[in-house]
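Asks: Throw the hints in and build the complete structure from the sequences for me.
Chains as they are written, first to last, in our numbering: chain A, 641 to 817; chain B, 641 to 817.
In case anyone wonders, no lab produced these hints; they're calculated from the structure. Treat the hints loosely; a few may be bogus.
Just so you know, same-sequence chains aren't split out, so a pair can sit in one copy or run between any two.
Said to hold, decoys possible - Distance condition first, Cα-Cα at most 27 Å in a straight line; then the derived BS3-like pairs of lysine-lysine:
1) K808 / K730
2) K715 / K666
3) K715 / K660
4) K666 / K808
5) K735 / K787
6) K805 / K643
7) K715 / K775
8) K775 / K735
9) K786 / K775
10) K801 / K715
11) K730 / K801
12) K666 / K696
13) K787 / K730
14) K787 / K666
15) K801 / K669
16) K775 / K787
17) K805 / K786
Since the model is a prediction, treat every value here as computed from it, not as a measurement.
2 protein chains.
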Amino acid sequence: MEKFFDLVLNRQSCRDFADKPLEREKLVKIVDAARLSPSACNSQPWSFVAVDDPQKFAAVAEATLMYGANSYISKAKAMVVALEEFAPLKPAIAKHMDSQVFAQGDLGGAVLNICYAAEALGVGSCILGAFDRVKIHEVLDIPQEKKIFLLVALGYPNSAKVRPKARKPLEEVARFV
Amino acid sequence: MEKFFDLVLNRQSCRDFADKPLEREKLVKIVDAARLSPSACNSQPWSFVAVDDPQKFAAVAEATLMYGANSYISKAKAMVVALEEFAPLKPAIAKHMDSQVFAQGDLGGAVLNICYAAEALGVGSCILGAFDRVKIHEVLDIPQEKKIFLLVALGYPNSAKVRPKARKPLEEVARFV
Numbered sequence: 641m642e643k644f645f646d647l648v649l650n651r652q653s654c655r656d657f658a659d660k661p662l663e664r665e666k667l668v669k670i671v672d673a674a675r676l677s678p679s680a681c682n683s684q685p686w687s688f689v690a691v692d693d694p695q696k697f698a699a700v701a702e703a704t705l706m707y708g709a710n711s712y713i714s715k716a717k718a719m720v721v722a723l724e725e726f727a728p729l730k731p732a733i734a735k736h737m738d739s740q741v742f743a744q745g746d747l748g749g750a751v752l753n754i755c756y757a758a759e760a761l762g763v764g765s766c767i768l769g770a771f772d773r774v775k776i777h778e779v780l781d782i783p784q785e786k787k788i789f790l791l792v793a794l795g796y797p798n799s800a801k802v803r804p805k806a807r808k809p810l811e812e813v814a815r816f817v
Numbered sequence: 641m642e643k644f645f646d647l648v649l650n651r652q653s654c655r656d657f658a659d660k661p662l663e664r665e666k667l668v669k670i671v672d673a674a675r676l677s678p679s680a681c682n683s684q685p686w687s688f689v690a691v692d693d694p695q696k697f698a699a700v701a702e703a704t705l706m707y708g709a710n711s712y713i714s715k716a717k718a719m720v721v722a723l724e725e726f727a728p729l730k731p732a733i734a735k736h737m738d739s740q741v742f743a744q745g746d747l748g749g750a751v752l753n754i755c756y757a758a759e760a761l762g763v764g765s766c767i768l769g770a771f772d773r774v775k776i777h778e779v780l781d782i783p784q785e786k787k788i789f790l791l792v793a794l795g796y797p798n799s800a801k802v803r804p805k806a807r808k809p810l811e812e813v814a815r816f817v
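Replies: Set out below in structure tokens:
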């Protein structure tokens, strides 16, 4: 299980996708990892739309061309759209807290599971937070009232080169008491 | 890397901790996995307080005895407190979005990394979202303006038995188009 630490170091935002199709069965396995994520009171406050139809994918990829930064996304082969759903917390908790208070954190874990599952299958991933929401709702027939949380672009990477992680040092972000 | 899928199935909320100390070096490795998590614009909107001093741990564990559900937590050996920090997004993004818009999702991923790193080291974990915030701020000298996101209790599990995951079926939470 020590291999998990390799996964942490190897997962990175893929910005150079190869022109190689992504097998549907791998896409299913990747989304299934998100489904198995933990959530507050096992509320599972999520649903997913996984897009690998080339035309639909192209339309979704185009909707991520915001703030001029995501042009490499058009070369990915699939996109998973993560949606926030109602979180049925346990009554003893729901009495004191808003139903959605843990939803974004839980969805963040589910999205990370998508990236790890992809990496474990040799597939590159890139999380996208800036996109044209109206267009994506439209292209994928997502009801207006559902909140799109994040997108994850998927596809085989052109290179296996792992960039070193640029993170603040541990002593700057953690104290042990 | 296929082992990641075992990790997804084996990680579970530990509610029966063994009376066995948790090595400080393992605690450090677990928190380090959180530090290495991905975040929007690499903003790293987090910090962590890792508690393994028995007296401090007991005080924090007591602060989780809310809504009468967490009594098993007193038998864990450490607690990681995840705090939300300011997220410096890239200027092109920050122009259009609130700095903290991705912070909770990013923290959710960091917390899941804590659980996976623990599991990979044979350590049990339990995420806690209901706790007495005032008490934890006090016990750990956390400035009032910092938001405590979640706690993760850590310790060796009494049993290696893995419970099956109770999740909605894939076809209920995902569509493939």
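Asks: All the hints need checking, so say for each whether the structure fits it.
Replies: Tested hints:
no.	hint	result
1	K808 / K730	between (37 Å within a copy, 16 Å between copies)
2	K715 / K666	within (18 Å within a copy, 40 Å between copies)
3	K715 / K660	within (9 Å within a copy, 50 Å between copies)
4	K666 / K808	between (34 Å within a copy, 20 Å between copies)
5	K735 / K787	both (24 Å within a copy, 21 Å between copies)
6	K805 / K643	both (17 Å within a copy, 22 Å between copies)
7	K715 / K775	within (19 Å within a copy, 50 Å between copies)
8	K775 / K735	between (37 Å within a copy, 21 Å between copies)
9	K786 / K775	within (14 Å within a copy, 36 Å between copies)
10	K801 / K715	within (18 Å within a copy, 43 Å between copies)
11	K730 / K801	between (45 Å within a copy, 24 Å between copies)
12	K666 / K696	within (19 Å within a copy, 46 Å between copies)
13	K787 / K730	both (22 Å within a copy, 23 Å between copies)
14	K787 / K666	within (26 Å within a copy, 38 Å between copies)
15	K801 / K669	both (24 Å within a copy, 24 Å between copies)
16	K775 / K787	within (13 Å within a copy, 34 Å between copies)
17	K805 / K786	between (34 Å within a copy, 26 Å between copies)
Every hint, counting from the list given before, is met by this structure.
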